Each structure stands twice: as C-alpha cells, then as structure tokens.
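**Q** Take a look at the letters that make up each chain.
There are 2 protein chains.
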Amino acid sequence: MNTRTAASTQTISNFTANWLAVAQRITLCSLLLGSLPLGSMAIPCAPANADEGMWLFNALPKNYLKDTYDFTVTDEWANHIMLSSVRFNSGGSASFVSSNGLVLTNHHVGAETLHKLSDADNNYYKDGFYAKTMSDEIKAPDLELNQLVSISDVTAKVNGVVKPGMNAGAAAAARRAAIAKIENDSLEETKLRSNVVTLYGGARYHLYRYKKYTDVRLVWSPESAIAFFGGDADNFEYPRYCLDVCIFRVYENDEPAKVEHFLKVSKKGAGDGELVLVSGNPGRTQRIFTVAALKHQRDHRMPYVLDFLRRREILFQQFSLESDEKKRRGQDELFGLQNSRKAFTGMLKGLQNPSIIADKQKKEDQLRRAVGANPRLKKYATAWQQIEEVQARRLAIQGQTGSFASRRFDIAMELVLLAAEDAKPNEKRLPQYRDSNRESLEQQLFSPAPIYDDVELVKFADSIELFVERRGGDNELVRLVLDGQSPSNLAAAVLNKTKLADIDERKRLAKSGAEGISASKDPMIRLALIMEPEFRRLRKVGDELNEVERQAYSQIADALFAVQGASTYPDATFTLRLAYGPVKGYEEGGQRIPPWTTMGGAFDHEKRHNAKDDWQLPKSWKDRKDKLNLDTPFNFVCTADIIGGNSGSPVVNRAGELVGVIFDGNIQSLTADYMYSDEQGRATSVHSSAVIEALRKIYDAKKLADQLGN
Amino acid sequence: MNTRTAASTQTISNFTANWLAVAQRITLCSLLLGSLPLGSMAIPCAPANADEGMWLFNALPKNYLKDTYDFTVTDEWANHIMLSSVRFNSGGSASFVSSNGLVLTNHHVGAETLHKLSDADNNYYKDGFYAKTMSDEIKAPDLELNQLVSISDVTAKVNGVVKPGMNAGAAAAARRAAIAKIENDSLEETKLRSNVVTLYGGARYHLYRYKKYTDVRLVWSPESAIAFFGGDADNFEYPRYCLDVCIFRVYENDEPAKVEHFLKVSKKGAGDGELVLVSGNPGRTQRIFTVAALKHQRDHRMPYVLDFLRRREILFQQFSLESDEKKRRGQDELFGLQNSRKAFTGMLKGLQNPSIIADKQKKEDQLRRAVGANPRLKKYATAWQQIEEVQARRLAIQGQTGSFASRRFDIAMELVLLAAEDAKPNEKRLPQYRDSNRESLEQQLFSPAPIYDDVELVKFADSIELFVERRGGDNELVRLVLDGQSPSNLAAAVLNKTKLADIDERKRLAKSGAEGISASKDPMIRLALIMEPEFRRLRKVGDELNEVERQAYSQIADALFAVQGASTYPDATFTLRLAYGPVKGYEEGGQRIPPWTTMGGAFDHEKRHNAKDDWQLPKSWKDRKDKLNLDTPFNFVCTADIIGGNSGSPVVNRAGELVGVIFDGNIQSLTADYMYSDEQGRATSVHSSAVIEALRKIYDAKKLADQLGN
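Going down the list, the sequences are from chains F and Y. Counting from 52, one number per residue, gives the positions in the first sequence under my numbering. Counting from 52, one number per residue, gives the positions in the second sequence under my numbering.
It should be emphasised that the hints constitute simulated quantities derived from the structure, not laboratory data. Heads up, a few of these hints could be off.
Identical copies look the same in the list; a pair holds intra-copy or inter-copy alike.
To be verified - Cross-link-like lysine to any residue pairs, in silico, SDA-like; alpha carbons within 25 Å at most:
id	residue 1	residue 2
1	Lys177	Ser371
2	Lys550	Gly423
3	Lys400	Tyr355
4	Lys663	Asp505
It should be emphasised that the depicted structure is a prediction, and the values quoted were computed from it without experimental measurement.
Modelling step: build the complete structure from the supplied sequences, incorporating the hints.
**A** Right, here's the structure in full:
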C-alpha cells in the first residue's frame, strides 16, 4: 500500500514546508530520508511514456488529453475535481462524496485515526465501525483535512529577494523569509491555510490556499481483515481483493459541513480500456535526480534506510509477540514499516539493475552535451558536479540524528525549539514555528491521542541504542546522553519520570517560555536540551545541502526546458495533481493479468491460501456471501502515474464520477519514484461498485450508501 | 537456544581448524564473524566468580571442586565423562546413553538433520518421529559425530618451527605446516580424526584425537511444538517448558555401535543447591578480549552482524509466507537467524552498558600497569596497541566477502579451490584441503542432502544484492559478476543452468582437476572462478590479522599467567570442556525465579498465552495429560558457565549420572561471550525425569526408555 510510504516520504519531501509541524514526523524524516533533496523538486524529462505525469491543476495537459483520448478538459471540470479532492495531512488523499461532508479514503489512510480511537475494549481498526446515526460518529483526536481552493504563482516575489552574489546560505534564508511573509500575509488576509510550494527545483513557487477541516469524525470502516486482505504478503501484489476504504465526515460548528463540490459515485465503474483520471497528492518523486544522486540512493541511502526499517520491523514483531494488546498497539507502526520495507526493497532492486542506470546515464549525457554546446546554457554545466558533491556530504552525515523515537521526546524537543524560536521575529523562525503554522503545531503538540507507555519504551530504548551504535560508545554526546546508564535503563528512567504525557503540563511549559524550559527538571526536557544543539546543527547542514541542490536542480530544470521545450510536470510535492491512463491489464511471467478482480474472487483467494494467516475473510463476508453479487468488480488497475501519498485518491471518469479509490501500486510500479513505466507498472484501485455492494449487502449501511454522491 | 549461535560462532572460531570442511559454513563465517580473532583464543582473568570456567579435561580445577563442594574428581570419573560425551560436528553437544549406541542431544541440535530427512509428505521436525524397531531408524545424510578419546600437548612441536626474526605471515605459515604434519602423522598412525587445537592464544597447542561416527540414525524426536514451546518469544527466557531433546543411534558396519562408556540416566535428577557438572563443547568465548576489541564489537562488528541477521530474517519470513511447504523448507534457517539475532542483541545490550566497559577497563589498566612495572613482561606492553590496530584493519574490510549464499555456489567454490590446492604439497594447502581432512570434506561436498531450488534462489539473489550494496554498483568486481544483469535475474539464470545439484557431476568435476575446472562451462563454476582471487585475498588478510592478534593475545595471556599465577581455563574452542555449579534460582524484577518448572506448568503456560501462535502444546500432550505426573520437573537452571555449542551437553551429578540436558541460557547469560556472571545468568536444561516421563507416557516409547542408561 502506498500511503504509508507516502506518510514517510511526503513528510520528508515537505520537511521544510510549513504544514509539517509535528516533531514526531521530524524524527521519522531525519531517520528515514534526511538525505533527499528536501523540497528541491524539479522537472523530469518530458514524458517519454504515453500516460506519464503528475500534473498541476493549473497546468493540465489539455492538448495531450484531447489529441490522445479525445477528452476535453474544461476549466469547470478541473475546478470541480479540485474542489472535490481532499488531502489527509497525516499522509494521504481522499474526496468529498456527499453534500453533507462525507469523505471517502483508504482504510489504511484512516488507520492511524482508527488506532487512536481504539482501546483494549474497542478495536475499530480490526473489527470495523459503523455509526448508524450522526450522533454515533466519533471525532478523531487530531486529524486535519485540507481542501485546495486556489493556486497562484508567487515565483517573482520569492526569487526577487535573492540578490546577485549572495551565497547559498544567505539565499536560502532570504527565500525562507520571503516565503514566510507571503504565507503570513495570505493567512491574515484570507484566514486560509497558506503554503508556498517549491516546484521545478525552484523555477516556480506557487501559493496554495486550503480550507482546513479539523473536526473530522469516523462514520464507517470495514474490518482490517478485508481492508488488508492478504496482508504483507499480498501488499504491492496484483491481483488483489481488498476493500481498502473507510468513510469520515467533516463538521463545522458541530454540524455536518455543507459541501458544494463532491463526486457522484458511479454504480458501474469504468470499462476495460476506458480513460480514467486520478486526483490526489503524490508525496514525492525524484525523477529529476542525476545519475550521481541515483547512485547515492543505490549504494548508500537505500541500504541504510532498509537496515533501519528491518531493525524496527523486527523490534515491533517482538513487541507484538508479548500480548494481544501489544499487538494491537503496535499494529499501525508495524504495518507502516513492512509497507515501507517492501516499497524500498522494490526501488532498490530497480536501481541495482545496470540497464536502468545505463538508460538514465544516456539521457543525462545527451542533456549535458546539449548544455555544453549552447552558449546560453553553458553556465549550468557545473550543476551535475555540485549535486555529486552534495551526495558525498550527505553520506558523511548519514545516520546522524538529533532526535530519539519517542512521542514524549518529540514533544520535549518541540517545546524546547518553540521557546527558542518564539524569541525571534516571525520570518526568522524555522518554518513550523511561524505564526501561520501555529494552529497546526498546537493541534499536534496538545493532541489528546493516546501515548502507549510500552510502545514508547520499546522505541525510545531502541533509538538510544541505535544512537550509541551510530556514534560509538565513546562519543562525547553519547556520554552526555547516557550519563553512565545503559540505553534501556536510561529510557525506562526518563519515561518513568517525565510528565509530558499530561497535556496541561505541555501547555504550561509552552507558556513558560525560554526561562521556564531552561529551569524545567523534567528529564525529557533535559534530554531535549542536551540534544538541541545537535538537532539544530544537522538541520542547518541539511538546509544548506538542500539549497545547493535546489539551485543545481533548478539549473538542470531550466536546461531541460530550453533543450526539450515541452510543457511538462514537476516532481511530486504532496500537493494536488492529476494523473490519467486507461484501465488496462498486463503481461507477467507469460501470463495475462486481467484488469479486474471480483468480489467472488476474494472467496477463491481465501481458499487457495487455506484461509490461513492474513487470508481469512471476516465473518461478515462469510455470513453474507449468499446475498452478494459475486461478479461485482472488486479491485482494478490502470496506467495512471501515482506514488505514495496518492492512497485514497478518487479515480474519476470523463463525467467526473468516482469510479474507484486508489490504494496501491503493483510491485512493478515501485520504480515510479525515479522512473515511470506502463509496461507492467499499474496503479491499483478499489472499484466503486464494490464499495456500494459491500455497504448495502454486508454492512447493512444502506442509509450511508444512499448518501454517497448525494 | 544456544546451539544455533554455536553453529555459527564455533564455525567461526574454528574457521582455520581442520574439522571445518564445509564451504557453506565458510560463507556464513565470512559474513557473520569474520573479524573475530579466529583461533586466537587465550586466557581470561582468573575466575572472579565462584563457578566461572570452561575447563580442559586434562586440567580440571580439582582443588577448587574439592575445597568448595567437597567433590573429589578422580581420573576415572573424568575419563568416563569424557568418553561418554559426544560432539555434533554440525554445531552441538550430546552424550552416549546406552551400550548400544543411543545418543541424547537437543531437538534443535538434531533439527538440521530432521529437516534434511523430511519432505513435503513427512515433516519429522514438526510432527516428531519414533522408530519402534531398529530397522525403522533412518540414516542421516551427512551427520558426523565425534568422541574425544585422547588429548596430548604438542606445544613444543608447533612453536619449535617458528624461528627468531620471522614475520607474522611466515610464522603463521610455519605453524600451519607443523600443525598439518602433526595431524597427518596422527591420522596415519591411529586412523583417528586428529585436530591440533590452539589454546591460551597460542601458549598451548593440544592434539585432540576423535573416534568418528558417520553412520548416525534417527531414533526418536518429539514434535517441534513442545521442543520449542513458546517459540522465538520464549527463546532465551526463563521459566521455560521445552522438551528440547531427541535421540539418535550410532552404527558401525551397519550394526548398532557397542559403546563402552555411556551415562546412566537419573530418574530423580538433582536437588535445589546440588552441584551439577556440564560436559560439552562451548563454541567460542572472547573473555581475553581487550577493551579496544570489545569496543570494536560494540561499535562496529555487532551492529553490522545484527543488520545482516535482521535482513535475512525478514527475507526468510517473506519466503515463508508464500506457502506451507516454503515455510517448512525455510524453518531451520529462520530459527537459526532469530536465535542468533536475539543472542547478539543481548550481547550488544551488555556492551552498550558503560559500567561493563568501565569494569573491563579497570582490570585492563591494572594488568598493563603490572606489565609496565615488571622487567620480564615489559616487552609485552605493545600487545594492546597491536590489537587495537587490528580492529581498525578489520573495520576496513568489514562487509567484504568472496562468497555468495548458495549451497551450489559453495560447492562450486569448493571445487575451484580443491583443484588449485591439490596441485600443492599437502602442508602448503589451506587447512581444509589437507589429506587429513579429505574424508570430512568429501562427505560434505558429495552430500545427498536436499538442496531446495526456491531456498537457493531467494538466498543467492539476496546475497548478490548485498554484495552490490556493500561494494557499490560501479565496483569493478560487481560489474564482472553482474555482467549487465540485475542481481535477481543473474541468480535465476545461473541456478537454472548449473548442474551442481547433481552429485555425479560434482564428483566428475572434482576428479577433473585444475584443467577440468578452468574449462568448465557451468555458470556457477564460472562465477566461483571470478570470485576466487577475492576469496583468497580476504582469506589471506584474515589469516594475517589473526596471526598478529594470536601473538598479541598470547603475550597478554603470558602476562596474566605471570601476574596472577592462578591456574585457569582457556577461551572456548568448540572442544570438550567441563563446567559446574549448583542448581539455583535467581531474582528478577523483584521476583524470585524458582530453579524448576514442571510438566504441569507447560499446560498453565499454554493457557496464559491463550494457546496461540507458538504456545500450542501438541495433540499428544493434550491427549495424555491425564496420565502424566504433572509435578514431574521439566526444565531447570544452574550456574554452570556455558555458551553456544553447549546445547545438548549432558548435565551430570557427582555419581556421573545424567540429570539433565543443556538447551539454552537465559537472557542475562548472553554476556557470557565476554563476561561470566552468576548474579542472574543461568544455564537452562531439560530435566532427566521429564525425558523419561514423556517417553513412557506420551510417546509410547517404553522400549526406548528402558534402553536409556542400560
């Protein structure tokens, strides 16, 4: 499933973007993908393959769609789809599907919230949920949904502050200040969430304005057994049989929100070969990457990330063995880890294929020759070398972190940074401490979401052990942190004594300012204070490297524009894009894989696997099997260009009707991060018919089904 | 469970010893623990704790046992125990328990053979086995059991060949040649397996002669569900409830071997506080390690090994998900990986505890001061520095390997090396190609043990991927190996075409000599030829580093002798040792852990875990529960100093009766590799009463039970 990858990758690619206010994610970022050129997304080659592309809503490939598919995209159509699309800030996509605020997304996008709403007695993730009346709908503790309402180009404003002769650091600071001002002004003026997004490696800056929904309630979810049927083994595979959907509702002023733009839900879905379009928030791609950058990923970064993911996966497996309740508590994280591990394994396999690198090299050589031969572009000739140098510098700091994996540590670091940043003028602060992001930051910082002591302990202790491994037991910072104790004893002692699980205590500390923080005796605050200089140092180095890369990629992007002249799409930035392509099967191992599966096929699939492990359909399905139309299409594939973050994206037809919900890509699509191919790579969706059939005949949710599209 | 650790660690510590003839293990060695000072085992500090020590049978601590336990060890007693003890060359210990050749060991020591004897229809590992008559006993395909029959000191002969002024490389070569000659002469003279063992870091060389048994047949095994009750979660934990035993029989000339020395099996076992003694083959300890060497383990080697183990564990988990048969095929390897991962995790946790390193540092500083102050010892002052330098050189080659993880690749490399080595005079060959080891080598090289294509493919492909990761995709050797293909495509193509699964083809190639090998078109032979120079280079570097370390540790050992004067024990070398200590419970988390569990406790333990996952007792136990004496002691702990390789060791009382079978150490004992502590560390055994009770009342094996001890 893609979203988890999205949840990590998008948080990374947007590390510097201001919607990211959660220290917890910062930790994940710095551990997982700190070396990626954060925010420095740029232009890939002009599409080499027919259906390639994650297109900006204000620069759609209208001519191509007209010429190839005889489909005319009107501004009205595009605007309707844009306003019907929803972003889950926790890392996924969704759509409005009724006038009274129903939001349809993936079960695995909602999973984090399902877990947060569950406890030892009610496991909504596992057992599902259905609110028969609106008063039964349960409010998510800290979910924020965004609806994109406008896009405007602010490139001139941002780039205008960079004066000739400024070095990389000064240029970055100047741009950051300009962006902060634009965002702040927009927020004050419109009260809308306002984010400046860096596109085409800095060749374009767009201001995105979002309507925010923070009162989000759970309406319906199926059992995890059918949402994730086949489990880790079937993940990224096809054919599939997953009802990976769930439904929320947004509220305003304690009433269901009145939504003007929403998608009608098609009862028959799309036919074989029919064009479909996907509107969602792809998290991150790196198609602009130079060969040197790809080699860094291949030889250093991905092996490193995979070692980390496997370490955590084993840790959570062991944790889950201890009891059923621990299994429940660790499930969301374990699933995310397995998903990422499988995704990165597929990506690394692709990069280790010499022919893929050779192909990239050939294209790069062509471009560099063209740049060398063009008097206007000659000045860009050093860009590739600069990117190569950045990789070496990234390698030198690989594995260094200023954080530990603990929600309480993240809160502590957030409080420490907040106190220090608030003493600065708004535009000089780190992005997530700017006024424009204060509401999001506080929603996370003061979230009542449960923090499980046992999960905390196992992660915190392991991350201190990893910190000791990476720096060596004799390192000065390690000595300061351990203070003579073993990592596991230290973790237990700190978690025992810290008061940061208490929201009032967090609020008190947040109010107490720099003085209050420095006087605090809370051991987690003390630990965060020890780590703060290192956290800031690494952040600064990262920002510098990002800026160098941003400028170099921006030059390459400009060269590509000049040489190829084609209108094209920027790398993904966890912002709204449109992708497209026909519903279409493919060949694998000499076999024809059909575009659809059916609900009846799920029962056959269960039987083939002896109804064992993750191949056990839930009781509800077995009980209602006789009532079902077993020929109902269940999952289907299309060639649309998607990536992590697209999970939950509505798949629409020309008429703008929802025909499916993206939930995965097949294993062959995993190279999409750096290369699109429609030879075998496919996006996988839940078919709209299956959602309706299941709601009506399995979940007795006729009332809910009737609301869909109305 | 310790043996698996043993299986890997002992193969390493004995990498250069001639009993190790299996290319498969070489691979494991080089990956797992290549940086350990192979064979350079030496003297630790004199025992600081009462029951510390793995004592040589020709240098038992008779005075201590007399003074502390009022137990007089006679030569007759020691000789009887020695001759009743059995070594499993695959990596474990055992004992003779009847005059007609019955051998009692752990189920997990026999597991490799149980798997090799199983197929899709008969899973003896999982379902157990009982040969009601001798004709039903099944011959193991390639098991070799050794009975130690004599020990003699050959130190003078070995050291006599090292001339003053020889450099490390020349000295190592001279010693190797001398050892080869001693072994060869002994083999010719006695027809007994003859191995020279390096002790006390080279201060002593002992010639061990073994009677070999190569016709070994399976007699009885319980179900894995009770042998490994509680699975990976309970592994290394206590209290435990495991019937981790199985029984083989050795044959000579197709008749049950007549065995003069065997252990009587005690029906009541040992009482609380009673002295027990353990006779077995601890695989490897590193108690002589300097602080620099321990820090290398802490900061580099163990994190590296753990990354590898977790990688393989996930790989085999994924493999097992694919089908029940794959699960069966991968089970032995998966279990070994989990076991090692858990063991190394425990060891690393210990090393990351600053107080443990501080304690070691204090002792080392004391010794170094004493050395500096003693005119005779002053020349040893540089030994610690030399060892520190070796660690840096080990780090520089960490992760480099000349092998891939495939049985067929190992066979290919074995054939390539054999052809080249056979062209040299016997004493100049690598140890495992000397005449004295030819029989063992051929037993492995031409073993009919099944090679599963699917297991081969997944390991082989992964190890090529790892090879690319470690060296980088642009490395020249990587290019030569891949030849333009992706690692997984290469692996599939080579395995498809190689003929090395065919034993006759292996024999043909072995006979064809260097010319035949170099002309072979078998793709696996071609690959081995590409890798051969790198394999030899790494082997040579390893040998050199080992020799430098051997000499340095030998100096430290000598200094320790001089300063402390106490008679003591050498680090473990997978040769027969005696350990001892009382049966004794311990305190943990404020709780008193009793020394015993009972068979009835197993049923309670199942219930506590809702009879889920690995906590399901086999049907046979449930069916016979009513017949059992539920108070029968099941597992027990004692303070004896054991380590991996001791699995299956007989635990005897003063009368020389078998009262238990070692099968594990608790989690607190995992630091035993570098430090013994009896505060909480305990050796875990199956109680003799439980073996008899189970055979009689659960397995209807009265006939077999009657033979035990007779």
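**Q** Indicate, hint by hint, whether the structure satisfies it.
**A** Going down the list of hints, with the structure as the test:
1. With identical chains, the CA atoms of Lys177 and Ser371 are at most 25 Å apart both within one copy (15 Å) and between copies (24 Å).
2. Proximity of Lys550 and Gly423 under a CA criterion of 25 Å is satisfied in neither setting, with 61 Å inside one chain copy and 52 Å between copies.
3. In this assembly of identical chains, Lys400 and Tyr355 lie within 25 Å of each other by CA distance both inside one copy and across copies; the values are 14 Å within and 21 Å between.
4. In the homo-oligomer, the alpha carbons of Lys663 and Asp505 lie at most 25 Å apart only across protomers (21 Å), although the nearest pairing inside one protomer, at 29 Å, exceeds that limit.
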